[in-house]
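Next come the chains, spelled out residue by residue.
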Amino acid sequence: MRDALRVDPAAMSSTTWDEIRDFIAAAEAAGEVVEIASRQEFLTPAQAAARLGVSRATIARRIASGDIHASKVGSHHKIPLREFERFRDERMAKLIRATSEEIEADLYGA
Amino acid sequence: MARSTRTIFLDANVLAAPVTRTLLLVGIEAIDVVATWSQHAEAEANRNLRSRAMSVTDLRTTVLESDLSPTGESPTRFTGTTGADRQILADAIAAEAVFLITTDVDDFAEADLVSVKIAAVNPDLFMASRFTDAAYQRALTQLVSSLSNPPKTVAQMHALIGRKHPRLFERFAHLNPGTALETTREREPRVLYRGARCIICARSIKRPESLTLGCHRECL
Numbered sequence: 197m198r199d200a201l202r203v204d205p206a207a208m209s210s211t212t213w214d215e216i217r218d219f220i221a222a223a224e225a226a227g228e229v230v231e232i233a234s235r236q237e238f239l240t241p242a243q244a245a246a247r248l249g250v251s252r253a254t255i256a257r258r259i260a261s262g263d264i265h266a267s268k269v270g271s272h273h274k275i276p277l278r279e280f281e282r283f284r285d286e287r288m289a290k291l292i293r294a295t296s297e298e299i300e301a302d303l304y305g306a
Numbered sequence: 486m487a488r489s490t491r492t493i494f495l496d497a498n499v500l501a502a503p504v505t506r507t508l509l510l511v512g513i514e515a516i517d518v519v520a521t522w523s524q525h526a527e528a529e530a531n532r533n534l535r536s537r538a539m540s541v542t543d544l545r546t547t548v549l550e551s552d553l554s555p556t557g558e559s560p561t562r563f564t565g566t567t568g569a570d571r572q573i574l575a576d577a578i579a580a581e582a583v584f585l586i587t588t589d590v591d592d593f594a595e596a597d598l599v600s601v602k603i604a605a606v607n608p609d610l611f612m613a614s615r616f617t618d619a620a621y622q623r624a625l626t627q628l629v630s631s632l633s634n635p636p637k638t639v640a641q642m643h644a645l646i647g648r649k650h651p652r653l654f655e656r657f658a659h660l661n662p663g664t665a666l667e668t669t670r671e672r673e674p675r676v677l678y679r680g681a682r683c684i685i686c687a688r689s690i691k692r693p694e695s696l697t698l699g700c701h702r703e704c705l
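From first to last, the protein sequence lines stand for chains A and B.
When the letters of the first sequence are read in order and numbered with the numbering used here, they come out as residues 197 to 306.
When the letters of the second sequence are read in order and numbered with the numbering used here, they come out as residues 486 to 705.
Chain B with its partners taken away, still in its complex shape (with noise of 0.2 Å):
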């Protein structure tokens, strides 16, 4: 069976970054895609929140309402990928995504990825690959109108959003024209993409070399 196009897999590090992971949900909505995560991921992330912190657990069943993935089967499966990692890449195929979004893409084996073709994106280059003006925008509105502790303008909101997220704020600079980027910036992880689909068209393909940053050449 096809697997849907519209599903994301949020991995525990996503989970447990609350600007990352509340940029995602805002703006994948506008987007049509839709992000779960399993039991493993939920747990792994509920270990590593800030000390009083809502947990990801308190955050899914009372706010989101939303039920987790199935544990996907059989991770050892996945030799070239380590550890707790292999339950997270078959909890992702269990849940029909397509993508996984993580902050660690290097420790997920590409030919573990492109046995089962999915693709372990960073969170900021899937962001700023598939939203769209409207989804960036809504997001920016979002967080500025319900922060009780907000920048006073979505621009500023912008930039801050620049020192976690470059890639999403270069995307988007045309939006906010002459908002300069922070200048203490979050280091970028050396991978942000691994597998065997394209970031944009979400078709799957045999040969990763061909996509340059996860991407079909004529779909950017």
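Chain A on its own, in the form it takes in the complex (with noise of 0.2 Å):
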């Protein structure tokens, strides 16, 4: 059996259709049928830490501050990769509001 095809809803490019057709024609000629579901992705807090070359405490911190909303299953927090991704975004136009003078200076030669 092919190994599954992970397809992002909120990130298909031109070729993800023809990507899905070529999977289940795959599946079709070898006998095999398709199933197809969905799921919430989630981040440790770890791996958000890891992907934002931030600590841990770092993370720690926005979730009990709000910033990041997480649920906690246990005594461990998750984060919706949604909910990350709406995080690193805002930190990233924080960095450019913060910075947007020097930032325009330099793309226009001031």
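Some hints could be false.
[As the list claims (entries may be wrong)] FRET-style restraints, in silico, Cβ to Cβ:
1) A/V229 x B/T626: 16 to 22 Å
2) A/G305 x B/K637: 15 to 21 Å
3) B/I516 x A/D199: 21 to 27 Å
4) B/E655 x A/I220: 33 to 39 Å
5) A/S261 x B/E655: 40 to 46 Å
6) A/A225 x B/Q524: 57 to 63 Å
No lab work stands behind these hints, which were simulated from the structure alone.
We put the beta carbon where it would ideally sit given N, CA and C, even for glycine.
Build the complex from these two chains, which are given one at a time in their own frames, with help from the hints.
The structure is reproduced here in structure tokens:
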């Protein structure tokens, strides 16, 4: 049986439907059936920290302050991937806003 | 211990360049790469900022909330590299980085870089080689949506970026067809790459001369 095909609905490219068609065609040729399921993807605080290049303590602080919405399973936090991406994008937007004058001066050669 | 190929080290000249620094920091998040820098690089960058610019230290501590990478030991072992750049190279090794992103690639001796299996790469070449369509689009979109006085369109931002980063502009020209490169371009440094690692696959190599502009031929 072939490896699962993973598709992020929020990041589909012009070739994604071709990949899905190819996957189904290959399964059909091999006499297999295709199951389609969706699930929410989560990151641990450690994974989120590694992706951002910050410490786990920083992520823990952000969860505690409510800046990152995480659910708790037992004693562990889980961060939905979409929530991580929202936080990551907002962090970069803050970076740009905080230095907007410098960026604009640099862009326009002032 | 094998170094992670996810980490790049930013030299002071990149940290002090707002557009380059921002493009790198925003774009690399989409390709699962993280940037770091040392106290030495940060202090040097702070000294070279425009007046009234937010310091790199404030940016790192208040916005990015990231830590400095450790200070490297024995910088004098890099006999082919001179002055403060020895410490930068030692710091990049201490950070376990595989690429040192700098606009002054020729300040770092090839033999020193090869001896520690790291490559010094010009930021424009690095971004043009490693960014995906999604990474570049993300950087452009974030710039357009977050600047208080932005150009009107992503295509205009793409053209403006081309003045400083002509390779990045050319590499992603297909995303903004018909956009002309600004005629006032900054001059590209003579040396864009030195070292012993393919920019794209990050594998170390024994013969740097086998690379084409820092990349394996098969990776291009």
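Outcome for the supplied range 40 to 46 Å, where the beta carbon pair is A/S261 and B/E655: Since A/S261 and B/E655 have Cβ atoms about 43 Å apart, the given range 40 to 46 Å holds.
Outcome of range test on Cβ distance (B/I516, A/D199; 21 to 27 Å): 22 Å, holds
Looking only at beta-carbon atoms, does the pair A/V229, B/T626 fall within the given range of 16 to 22 Å? Given range 16 to 22 Å: violated, Cβ gap about 39 Å.
Cβ distance range 15 to 21 Å for A/G305 and B/K637, holds or violated: At roughly 19 Å between Cβ atoms, B/K637 and A/G305 fall inside 15 to 21 Å, so the hint holds.
Pairwise beta carbon distance, A/A225 to B/Q524, judged against the given window 57 to 63 Å: With a Cβ separation near 59 Å, A/A225 and B/Q524 satisfy 57 to 63 Å, so the hint holds.
Do the Cβ positions of B/E655 and A/I220 conform to the proposed distance bound of 33 to 39 Å? For A/I220 against B/E655, whose Cβ atoms are near 37 Å apart, the range 33 to 39 Å holds.
Checked against the numbered hints given earlier, the structure breaks only hint 1 and satisfies all the rest.
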